[in-house]
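Listed below, chain by chain, are the residues.
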Amino acid sequence: MISLGELAGQLGVELVGDASCNIAAVATLQTAGPGQISFLANSRYRRYLASTQASAVILRPEDSDACPVNALVSSNPYLTYARAATLLNPQVRQTAAIHLSAVVEPSAEIDPTAAIAANCYIAADACIGPGVQIGPGCAIGQGVSIGADSRLAANVSIADDVQIGQRALIHSGAVIGSDGFGFAPDQGEWFKVPQLGSVIIGDDVEIGANTTIDRGALGNTVIEEGVKLDNQIQVAHNVRIGAHTAIAGATGIAGSTSIGKRCQIGGAVVVVGHLTIADDVHITAMSLVTGSIKVSGLYSSGTPLAGNKQWRKNAVRFGQLDDMARRLRALEKQLKEK
Amino acid sequence: MISLGELAGQLGVELVGDASCNIAAVATLQTAGPGQISFLANSRYRRYLASTQASAVILRPEDSDACPVNALVSSNPYLTYARAATLLNPQVRQTAAIHLSAVVEPSAEIDPTAAIAANCYIAADACIGPGVQIGPGCAIGQGVSIGADSRLAANVSIADDVQIGQRALIHSGAVIGSDGFGFAPDQGEWFKVPQLGSVIIGDDVEIGANTTIDRGALGNTVIEEGVKLDNQIQVAHNVRIGAHTAIAGATGIAGSTSIGKRCQIGGAVVVVGHLTIADDVHITAMSLVTGSIKVSGLYSSGTPLAGNKQWRKNAVRFGQLDDMARRLRALEKQLKEK
Amino acid sequence: MISLGELAGQLGVELVGDASCNIAAVATLQTAGPGQISFLANSRYRRYLASTQASAVILRPEDSDACPVNALVSSNPYLTYARAATLLNPQVRQTAAIHLSAVVEPSAEIDPTAAIAANCYIAADACIGPGVQIGPGCAIGQGVSIGADSRLAANVSIADDVQIGQRALIHSGAVIGSDGFGFAPDQGEWFKVPQLGSVIIGDDVEIGANTTIDRGALGNTVIEEGVKLDNQIQVAHNVRIGAHTAIAGATGIAGSTSIGKRCQIGGAVVVVGHLTIADDVHITAMSLVTGSIKVSGLYSSGTPLAGNKQWRKNAVRFGQLDDMARRLRALEKQLKEK
Chain C
1 MISLGELAGQ LGVELVGDAS CNIAAVATLQ TAGPGQISFL ANSRYRRYLA STQASAVILR
61 PEDSDACPVN ALVSSNPYLT YARAATLLNP QVRQTAAIHL SAVVEPSAEI DPTAAIAANC
121 YIAADACIGP GVQIGPGCAI GQGVSIGADS RLAANVSIAD DVQIGQRALI HSGAVIGSDG
181 FGFAPDQGEW FKVPQLGSVI IGDDVEIGAN TTIDRGALGN TVIEEGVKLD NQIQVAHNVR
241 IGAHTAIAGA TGIAGSTSIG KRCQIGGAVV VVGHLTIADD VHITAMSLVT GSIKVSGLYS
301 SGTPLAGNKQ WRKNAVRFGQ LDDMARRLRA LEKQLKEK
Chain W
1 MISLGELAGQ LGVELVGDAS CNIAAVATLQ TAGPGQISFL ANSRYRRYLA STQASAVILR
61 PEDSDACPVN ALVSSNPYLT YARAATLLNP QVRQTAAIHL SAVVEPSAEI DPTAAIAANC
121 YIAADACIGP GVQIGPGCAI GQGVSIGADS RLAANVSIAD DVQIGQRALI HSGAVIGSDG
181 FGFAPDQGEW FKVPQLGSVI IGDDVEIGAN TTIDRGALGN TVIEEGVKLD NQIQVAHNVR
241 IGAHTAIAGA TGIAGSTSIG KRCQIGGAVV VVGHLTIADD VHITAMSLVT GSIKVSGLYS
301 SGTPLAGNKQ WRKNAVRFGQ LDDMARRLRA LEKQLKEK
Chain U
1 MISLGELAGQ LGVELVGDAS CNIAAVATLQ TAGPGQISFL ANSRYRRYLA STQASAVILR
61 PEDSDACPVN ALVSSNPYLT YARAATLLNP QVRQTAAIHL SAVVEPSAEI DPTAAIAANC
121 YIAADACIGP GVQIGPGCAI GQGVSIGADS RLAANVSIAD DVQIGQRALI HSGAVIGSDG
181 FGFAPDQGEW FKVPQLGSVI IGDDVEIGAN TTIDRGALGN TVIEEGVKLD NQIQVAHNVR
241 IGAHTAIAGA TGIAGSTSIG KRCQIGGAVV VVGHLTIADD VHITAMSLVT GSIKVSGLYS
301 SGTPLAGNKQ WRKNAVRFGQ LDDMARRLRA LEKQLKEK
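Chains as they are written, first to last, in the working numbering: chain C, 1 to 338; chain W, 1 to 338; chain U, 1 to 338.
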């Protein structure tokens, strides 16, 4: 519970309305009731503003006149909302302790302010920093280091020698440091190429559930600071992902590709190996990237959804496209000659 | 072991042949031998009927004449087969007990008929219903409720406050209730938006191995009753999946999208965020859905497979399609004017 | 540490240079220093040869003249490098023991030379062969057999009755033997079809992190010897993958499809169900395979990446392709008639 005036002060935004109004929680414009604060960041939801029962709404200056209740005026309502929600929902920390059922090798260093949950395994020479919270069932390999205030949910697997920065948040089922996919052809069979590098993860990185990040073959796979990875992403060996890049779920980045800083990559995108993607590149969902991208901007591939019958007709024609193009050129030539 | 007559009675279908014949197991038409029952549901397999060594075959009335052995006649042989297979292969239940190696917080309520396997962790205030079976290595968060007779395989992670209905079946590595992927842009960096909702799962839902379902940002992610999700599916925050919809492996549903009831979605489909998909929509594998679908039916996107050399030629022409269309229009105009 | 002469002997390749030079490690051409050996297999890296600080380089006969340092001459430098790296980085084995925190059912047979890490669960009648290493948090189902010298990383889940050959390497989060996705339609709802088969995995198979392999419905899912599967692959029930086939990350193979031997399948490919893919087929990343492939070769589908504005124009035209083809044909006819 916090007064609206105090909340506005902490968020550094202008209050229009009753500073003494008490706010206990956040909610959407449609569902909010008394004591709740909502936000309007996307014009998609403007229709809900007039009838909102929220005690206050965070919105842009230009929406302020239309607000029937108290307003917090912000040039970036979504960010202000995120900050308010964080203030109103402080994270509950695990108690700093090593659970009796956890197995910690003697040479591992666990900061006394860290929390290791039930059924974890911490291998030799691992170094777990201050305030780190490790959820139940995690396996932390030899020589792994995890920086201050990082948090691992349940059943995360970190392989040997991986280095994780501060304030990381790693969701359940994520696997970091598994072997890269490297094999030398040997007379119709495959000979495994040892994967001798590791994974280096910067500060303030979030890694989604069941996302996998392979260790480098020679040299490391690198996730720079502030990168946000959604669920079920596959990052192959020796990839580098630049600072503050965000990647949506189920995307795959093949080996040795380097992604720039502040990129935004949609879901289920595939970037093939050995490419360089510039800073500030945005890629729409399910695109296939087969060449390097040198200029920032928005990129896409794919074909539009259609009814299956219509799609079948057009898809068959895709296989005739080169022929169609040649025939079109021939017609143009023929008409010009006339 | 059951007599064919008794089996026909329990399945509620007509028997043509020897009611006293004993049936011990199910098998395919090609591999079945004495004491085994098979089925013919797909014309692809009709060629195996004449030579089958099965003691009985479940088939449609129109295939009954061609059956060289005992027959169970059903209008839906695949369903009848599934029922027969279920009768002949009763599930072996874990013994109702909490394994000594499991860690259960004192405030968790475990029904005495539930079974908690080795190395599980059950957090505070979780509520595990009658007949529930939880496999080894599962982590169940605070305040989670799991309804009667639900079953979790090994190494499943359920985050705080998730609610799961009755008779759920959740396969290994599935993660339910991980944070949604929500960040507010903040001067070239990302500020995490707290994910304050949960996941609500109805009765009779099956969730495949390594499938992930994120918790809602505000409000919940909802999986209605009877939904069947295959492996490695990604369900983002605030998605709703309608009752009895079935989704094949590796499909991704982006945030706030609502899928209708009884839909069938193929593998590796991507549905982008904030869409509404009607009831009874079918979508073929690897389609990209970028707009809402209002009418039930079969939808597709993508291009057909081809030899790489041929494909390269046509793929280049895809990038010239708009130009080709304009030139075609120009030719038509030119010819009309003549 | 090994002398270059001894290394050349063990690798069976020709040495050009100082046999007494000591080699301690492998490194890339750019980063190698004294005591390190590098390799040149890909012309992409030839520019680094002249300035390398490596003590020796593994390269092809035709590159030997340009090598400023000691050379090991090989017709397959990448394979020779892989062998050298393996020699120089012998795998550290877990101590043969069952960790005190592991739970092993009395009827399971654990070879005395096997190593079972912390917090594992080994169910009844499982059979763990000589030299097997099982990482922390793994769950091994009833009746599972794991052949000699196989290795499981952390948090792997193997369901009942799965058979794994010798020298398998299975990475964290992999799930083998989960139920196939089989349901019979029953008046708008789904009735589960029992998944009664298992998974049979040959010798020398590698399975990536968070890859899932479902058990057969009737009969088994089969992964033949020498198959290499990258991370996050989905293999559905009753699939067969032929010997020495390699599949990159995030690919999905739908039910009952049979993939030939020595195939190479790129990342995020989808192969629909009930197909047969011949031996030695190569498929590029993100292709959709909807029909059987009878002839070995390189196959592709998809459309090229483009700037979003350009892509939108062309993507719209994709939906007009059949119309364009008909109009092109009409123009040709019209011009011919003149």
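Hint data in this document are derived by calculation from the structure and do not stem from the laboratory.
There's no promise every hint is true.
Each pair may be met inside one copy or between any two copies, as identical chains are not told apart.
Stated by the list, open to error - Here are the simulated lysine-lysine pairs, DSS-like style, with alpha carbons at most 27 Å apart: (1) LYS294 - LYS336; (2) LYS333 - LYS294; (3) LYS294 - LYS309; (4) LYS261 - LYS294; (5) LYS336 - LYS261; (6) LYS294 - LYS192.
Verification of the supplied hints:
1. LYS294 - LYS336: This pair counts as neither: shortest intra-copy Cα distance 39 Å, inter-copy 44 Å.
2. LYS333 - LYS294: Classified as neither; 36 Å inside a copy, 40 Å across copies.
3. LYS294 - LYS309: between (39 Å within a copy, 17 Å between copies)
4. LYS261 - LYS294: Within one copy only: 13 Å inside a chain, 39 Å across chains, cut-off 27 Å.
5. LYS336 - LYS261: This pair counts as neither: shortest intra-copy Cα distance 50 Å, inter-copy 53 Å.
6. LYS294 - LYS192: neither (34 Å within a copy, 29 Å between copies)
Hints 1, 2, 5 and 6, counting from the list given before, are not met by this structure.
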